[in-house]
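Could you build the full structure based on these sequences and the hints that come with them?
Each chain, written out:
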Amino acid sequence: MNTKVIIRRLNTGVPGLDQILGGGLPEFSFNLIVGQPGTGKTTLAHQIMFALATPERPALFFTILGEPPLKMLRYQQQFSFFDLDQVNASIRYINLSDEVAKHSFEQVLTRITHEVEVFSPALVFVDSFRSVMVESQDLCEGPISLQQFIQQLGILLSGWQTTTFLIGEYLSERNPNPVLTVADGLLSLEQSVYRNSMVRKMQVIKMRGQATRPGMHTFRITAAGIEIFPAALVRVDSGDMTATSGEEQNRVRLTTGIPRLDEMLGGGLPSGYSLLVAGPSGSGKTILATKFLSEGVRCGEPGVIVAFEQTPSQSWIRTLDDLIIKGQIGLINTRALDLSIDEIVQNLTNLIHKMKATRVVIDSLSGFELAVAPTFRDDFRESLFRMVTVLSGLGVTVLMTSELEDRYIDLRFSPYGSAFLTDAIIVQRYIEVNSRLKRVMAVVKVRASNHSDEIRQFEITNEGIVIGDPVHDFEGLLGGRPTRMLDADTVVRGKP
Amino acid sequence: MPTQSDSYSEVIRKVLISRAGTTPDAGMVAEATLIIWRRMAALLAPVIGVRGVDVLFSRALQLTSKAFPCLAIAGAQGDSAVLLANLKAKLAANATNDAMEAGHALLVTFTELLSTLIGESLTERLLSPVLASPAPISEQETE
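Those protein sequences? They're chains A and B, same order as listed.
Our numbering puts the last residue of the first sequence at 1177; the count rises by one with no breaks.
Our numbering puts the last residue of the second sequence at 146; the count rises by one with no breaks.
Read the hints as simulated data drawn from the structure, not as lab findings.
Every residue, glycine too, gets a C-beta built ideally from N, C-alpha and C.
Incorrect hints may appear among the rest.
Claimed, not checked - The following label-pair restraints were derived from C-beta to C-beta distances:
(1) A:SER839 with B:ARG42: 34 to 44 Å
(2) B:ILE38 with A:SER801: 29 to 39 Å
(3) B:CYS73 with A:GLN872: 49 to 59 Å
(4) B:SER124 with A:SER839: 29 to 39 Å
(5) A:GLY694 with B:ARG16: 38 to 48 Å
(6) B:ILE38 with A:ALA904: 34 to 44 Å
(7) A:GLN872 with B:ILE38: 43 to 53 Å
(8) B:ALA135 with A:ILE902: 30 to 40 Å
(9) B:PRO132 with A:GLY890: 36 to 46 Å
(10) B:ALA135 with A:MET879: 38 to 48 Å
Said to hold, decoys possible - Which chain A residues stay away from chain B? Per the calculated CB distances, all over 10 Å, these:
(11) ASP699
(12) TRP841
(13) VAL863
(14) ASN877
(15) SER878
(16) PHE1101
Put into structure tokens, the structure is as follows:
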């Protein structure tokens, strides 16, 4: 007979928190929420409390000095999770400032014990614990010390089968606090200000008995409370690493909606691939991306676009807008300058699931880099890798555009060194022919697939991108100043 | 539509009359005012702390004494037991109607102050045992 204890995990009600905790909050655990003032500790505690408290599972919230309870109640009720009906029903506030200010740890403990016995809470919150630490200088003369107080509190609350949260400012490493050893879980909150942006981050430093999601996770505080964006996990089995070359060749191919481009790609873009379209400003990347999405809609394959650049009034943008308004294309449009890639990935993943989307466009990586908070820009490439891996794990086909400075002395596909992250690359360039700027396009790579190696001239018309024949009679196209080859009979111009 | 102030005013007047009895004198009004105040304080102190309650009460007393100079108490920030004894004596020294108006104004001001800080809904929720429609005093006693 298997008699091992099964630890029940509670759903915290804070979006993203259960994931980073490794599946929820262990019942009867003794947890610490630490962080500097203003990092959102009290808000996190309240959001968890309002989500978990029920008449059968009531909560006690002890307030100790620190933030005046009047102010706390005033501000916390601005959040939508603050349900007034729960106050004094399933949630009870108890102020302990008098006990702490005037008496000893023993009396504080006695008061907590009394309230716990009277109310039989399943959840206990003590805010802020730092107040107890500060007051301890005066209180340690009492019959029990701070360490004994914390140990007894831990024993008391576990004996009463409560899930407990102590909230406090971070305790320095130089002065290791006994509370750290008693705690089963330790959540650390911080906000980092870099240049002109502020980013909030959370870390699960410790959670006994379960594998937590490592690393710093960004979060945002809105009127609905805290939302955490778990850092994307790169699993070794994600992507297509297990796919054999045979499977690669049997992949379904998606049509791009642009005549001749599918042919250049070797029969369309293999599903689940990520495609980078790189080219200078105005070369037609967004038009290509828009066509890819509208073609998807035509084929019954919903899509999602993450747009960082928009120039309204152009006909293809209007086409896109129509599809968005009709709900056939999902849009994430942001110009915020304090995003983390994880936040975008989270929003994108949600939208992909909601729309059942199979095609995703990110337009453009350059705009994306600008929208990401400066503090993340150093890790942009790594984050991009995580994002591509997550999207690949979802099985969607991704098209990313990348603004490329038109250089004629070197051949580059992406300013981020991200070209290796993608399965396929299309490059667009300008060339000068007869004192005119012409556009050319080539498929540089389609992993595990035959594809065209031709450089083709193309035009942008009212109908979209029109790809012409291969440019046979010029050489030096990539140098930007092609010369007519001596044996060429005619100049083949791009034609539909 | 009745304003927040109107609704508190009406409810608290009912509670005060109910508590003071049908033919009260100023002493009974003073006693009733203090009983209601103590009940409010007992409900609020666990939530916002004794100090939080004391500060709000001192402010309410100061604001009310502008319209009711009889409530002006020197050293209103001092010991609350002394303060309340003083308040009771001052209320009781008035004519019955004046005591009723002053006591009523003090309790309404206190409730409004709380309400501006934590909102009407939470105020009503915390004080509902006091503000709930009062039963006649004879019924209360027989409950």
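ask   = Range hint 49 to 59 Å: satisfied by the CB atoms of CYS73 (chain B) and GLN872 (chain A)?
value = At roughly 52 Å between Cβ atoms, GLN872 (chain A) and CYS73 (chain B) fall inside 49 to 59 Å, so the hint holds.
task = Please settle this one: PHE1101 (chain A) was flagged as non-interface, so is its CB more than 10 Å from every CB on chain B?
result = holds, 56 Å
query = In this structure, is the beta-carbon distance linking SER124 (chain B) and SER839 (chain A) contained in 29 to 39 Å?
reply = For SER124 (chain B) and SER839 (chain A) the Cβ distance comes to about 35 Å; the hint holds.
message = Checking a non-interface call: every C-beta of chain B should be farther than 10 Å from the C-beta of TRP841 (chain A). Is that right?
response = holds, 19 Å
task = Can you let me know if the beta-carbon spacing of ILE38 (chain B) and SER801 (chain A) is within 29 to 39 Å?
result = holds, 31 Å
task = Look at the Cβ atoms of GLN872 (chain A) and ILE38 (chain B) and judge whether their distance stays inside 43 to 53 Å.
result = holds, 48 Å
ask   = Are all C-beta atoms of chain B more than 10 Å from that of VAL863 (chain A)?
value = Given that every Cβ of chain B is farther than 10 Å from that of VAL863 (chain A), nearest at about 26 Å, it holds.
key: Assessment of proposed distance window 34 to 44 Å (beta carbons of SER839 (chain A), ARG42 (chain B))   = holds, 36 Å
inquiry  = Given a hint of 30 to 40 Å, does the C-beta separation of ALA135 (chain B) and ILE902 (chain A) actually sit inside it?
reply    = holds, 36 Å
ask   = Are all beta-carbon distances from SER878 (chain A) to chain B longer than 10 Å?
value = holds, 33 Å
inquiry  = Verify this label for me: ASN877 (chain A) is non-interface relative to chain B, using a Cβ-Cβ cutoff of 10 Å.
reply    = holds, 34 Å
query = For the pair ILE38 (chain B) and ALA904 (chain A), does the Cβ-Cβ distance stay inside 34 to 44 Å?
reply = At 41 Å between Cβs, range holds.
Every hint from the earlier list agrees with this structure, and none is contradicted.
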